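**Q** Sequence lines, in order, name chains A and B.
Residue numbering for the first sequence follows this note's numbering, beginning at 8 and increasing consecutively.
Residue numbering for the second sequence follows this note's numbering, beginning at 4 and increasing consecutively.
Be aware that a few hints might be false.
[Unchecked claim] So these bits of chain A aren't anywhere near chain B, every CB distance computed over 10 Å:
| no. | residue |
| --- | --- |
| 1 | L42 |
| 2 | G49 |
| 3 | R87 |
| 4 | F93 |
| 5 | T100 |
| 6 | L112 |
| 7 | R116 |
| 8 | W124 |
| 9 | R129 |
| 10 | R135 |
| 11 | E242 |
| 12 | L251 |
| 13 | Q263 |
| 14 | M271 |
| 15 | R273 |
[As the list claims (entries may be wrong)] For the chain A half of the interface with chain B, some residues (derived, Cβ under 8 Å), not all of them:
| no. | residue |
| --- | --- |
| 16 | H83 |
| 17 | A86 |
| 18 | P102 |
| 19 | M104 |
| 20 | A107 |
| 21 | E108 |
| 22 | A111 |
| 23 | A113 |
| 24 | G117 |
| 25 | R120 |
| 26 | G121 |
| 27 | M122 |
| 28 | K128 |
| 29 | G132 |
| 30 | E146 |
No wet-lab data here; the hints were simulated from the structure.
From a predicted model like this one, the values you see are computed outputs, not experimental measurements.
The beta carbon of each residue, even a glycine, is placed where N, CA and C say it ideally should be.
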Amino acid sequence: MLKLDNLYKVFHPGTPNEVRALRGVSLGLEPGSFLVIIGTNGSGKSTLLNAVAGTFLVDTGRINLAGHNITRWSEHRRARLIGRVFQNPFSGTAPSMSIAENLALAARRGRARGMGWALHKRLRGELRDRVRALNMGLENRLDNAIGSLSGGQRQALTLLMATWLKPELLLLDEHTAALDPKSADQVIRLSHEIIQRHKLTTLMVTHSMQQAVHLGDRIIMMNRGEVLHDLSGTERARVRPEDLLGRFEEVRRREQLDPATADMLRLNYV
Amino acid sequence: MTLLLGAFTIGLILALLALGVYLSFRVFNFPDITAEGSITLGAAIAATLLVRGCGPVLATAAGFIGGLLAGATTGLLHTKCRINGLLSGILVMTALYSINLHVMGKSNMPLLNEVTLATKAEHLATRLAGSSHDLNVFGWEVGIRDASMLVAVLLFISILGLALYLFFRTNLGTAIRATGDNPQMIRALGVSVDFILILGLALSNGLIALSGAMLAQYQGFADVQMGIGMVVWGLASVIIGEALVGSSSLGLLITGAVIGSVLFRLLVAIALRWGLNPNDLKLITALFVFVALVAPQLLRRLKRPKVVTTPVP
Chain A
8 MLKLDNLYKV FHPGTPNEVR ALRGVSLGLE PGSFLVIIGT NGSGKSTLLN
58 AVAGTFLVDT GRINLAGHNI TRWSEHRRAR LIGRVFQNPF SGTAPSMSIA
108 ENLALAARRG RARGMGWALH KRLRGELRDR VRALNMGLEN RLDNAIGSLS
158 GGQRQALTLL MATWLKPELL LLDEHTAALD PKSADQVIRL SHEIIQRHKL
208 TTLMVTHSMQ QAVHLGDRII MMNRGEVLHD LSGTERARVR PEDLLGRFEE
258 VRRREQLDPA TADMLRLNYV
Chain B
4 MTLLLGAFTI GLILALLALG VYLSFRVFNF PDITAEGSIT LGAAIAATLL
54 VRGCGPVLAT AAGFIGGLLA GATTGLLHTK CRINGLLSGI LVMTALYSIN
104 LHVMGKSNMP LLNEVTLATK AEHLATRLAG SSHDLNVFGW EVGIRDASML
154 VAVLLFISIL GLALYLFFRT NLGTAIRATG DNPQMIRALG VSVDFILILG
204 LALSNGLIAL SGAMLAQYQG FADVQMGIGM VVWGLASVII GEALVGSSSL
254 GLLITGAVIG SVLFRLLVAI ALRWGLNPND LKLITALFVF VALVAPQLLR
304 RLKRPKVVTT PVP
């Protein structure tokens, strides 16, 4: 379904701010699989997600999704195949437009937008049903501006929008990190439900070890723009939050060496 | 009475300018200065074509298309060449000054004996009324030319406002509004933000050029200087409209821009009648917009409770 081949990305090359954000990431994802990405700050996990979404183009490497080579596709063109939920609850919805209008925009993700009515009658009925299924009481507020809703409600709607048309790939970028614990819980439950029901191929970045362990069928841990650990199958099934924290500790200890020395040591001895 | 009718008519014609400014400044949050050149471009194209014997409807439409192209150019400079939005507008506006002179061949082009939209409206009204005498409306003598022009413009603006409202509710129209509201979101939903911005600026300047084309025909001349200060003028109209209707629903906002434009023109006409020096007009318009932009911030600051600072022991 998704195949990443040796992705490299350097930001601000040749300047003192040079960041080697992705250093040869390769990854294959089966249809319907749910991959959780964890890693320390600056490990490249969000960069990897953005590389797939097309926020920037990678320097070298290949990205294949659903039979298309999308490496050079622009962000908006990839949206035909990809649904996204952002970390910031304000990023995924247009605040001054109504709930119904936002959903109507999502109902044409990646399709041509012409002179047809955005909110035609058939769609209105469907809107009400699918919003009611969120169990947030929003079905009676379809004409209210989204800006008046809470972060959790907006994130739930963004999730609904991202999956309104079944995407080939769903990208979740720490989509509960900015929510209060209760809303985060609700959004996670909803994500799980939607992903299960539609059997969506999913990439999720998270800071929460709990989420990493309880969601998905495979975990990768990134560090310095590389995939450090890749847990799947029985190994993944046995893993507990403490094990993941242990691996973070390991990384932290290694970081205390000079990065260049660490790389040299690793090349020579590991 | 003629003064009042004239103010109404010009206010309605400039409502197109207000709608264009609303689109760029409010919907896209894009400070588009191209307007000052494109309103003149619309007037220049229409006037030149009329003088050459072209029909008024065609001449007006050509003015509109000229505006579309001007706006699209600004959009292209900003999106494809990565030039700052304000600067893109300034570049196109400056270039348009020369282009407008070339279109007209001189700095002022009078429309004396040409068949314009204004003479057409008058002609039609005369035929309908059966005579070319002044009309008696509620005891006032009203010139048939003024009355017919006002009615025609009112009709046209109503239809155009309604069309714009309906357009903003289509798939394309909602995508345009969402692009101004949250570009990141609409990109993730598969819309090219660059394309929509170019399209939106084209539409905005098309409306503004249309306003210029109609203004030239109403006042009977096109002048290369007529665009100066028009952005601030349009902004003043939009601000008055928003103050009247509150910035809530789309239909109200469009209506508000139209009413704001008429009201602003009326205020100016009355002020001029009371002896305001016409030379001060632009200064006062700018001051008005300045106050309208700053007043809400000041009010908010006054309302906020004072922070009680405890002295450090």
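**Q** Taking each numbered hint in turn, which are not upheld by the structure, reported in ascending numerical order?
**A** Violated: hints 3, 4, 5, 6, 7, 8, 20, 28, 29, 30.
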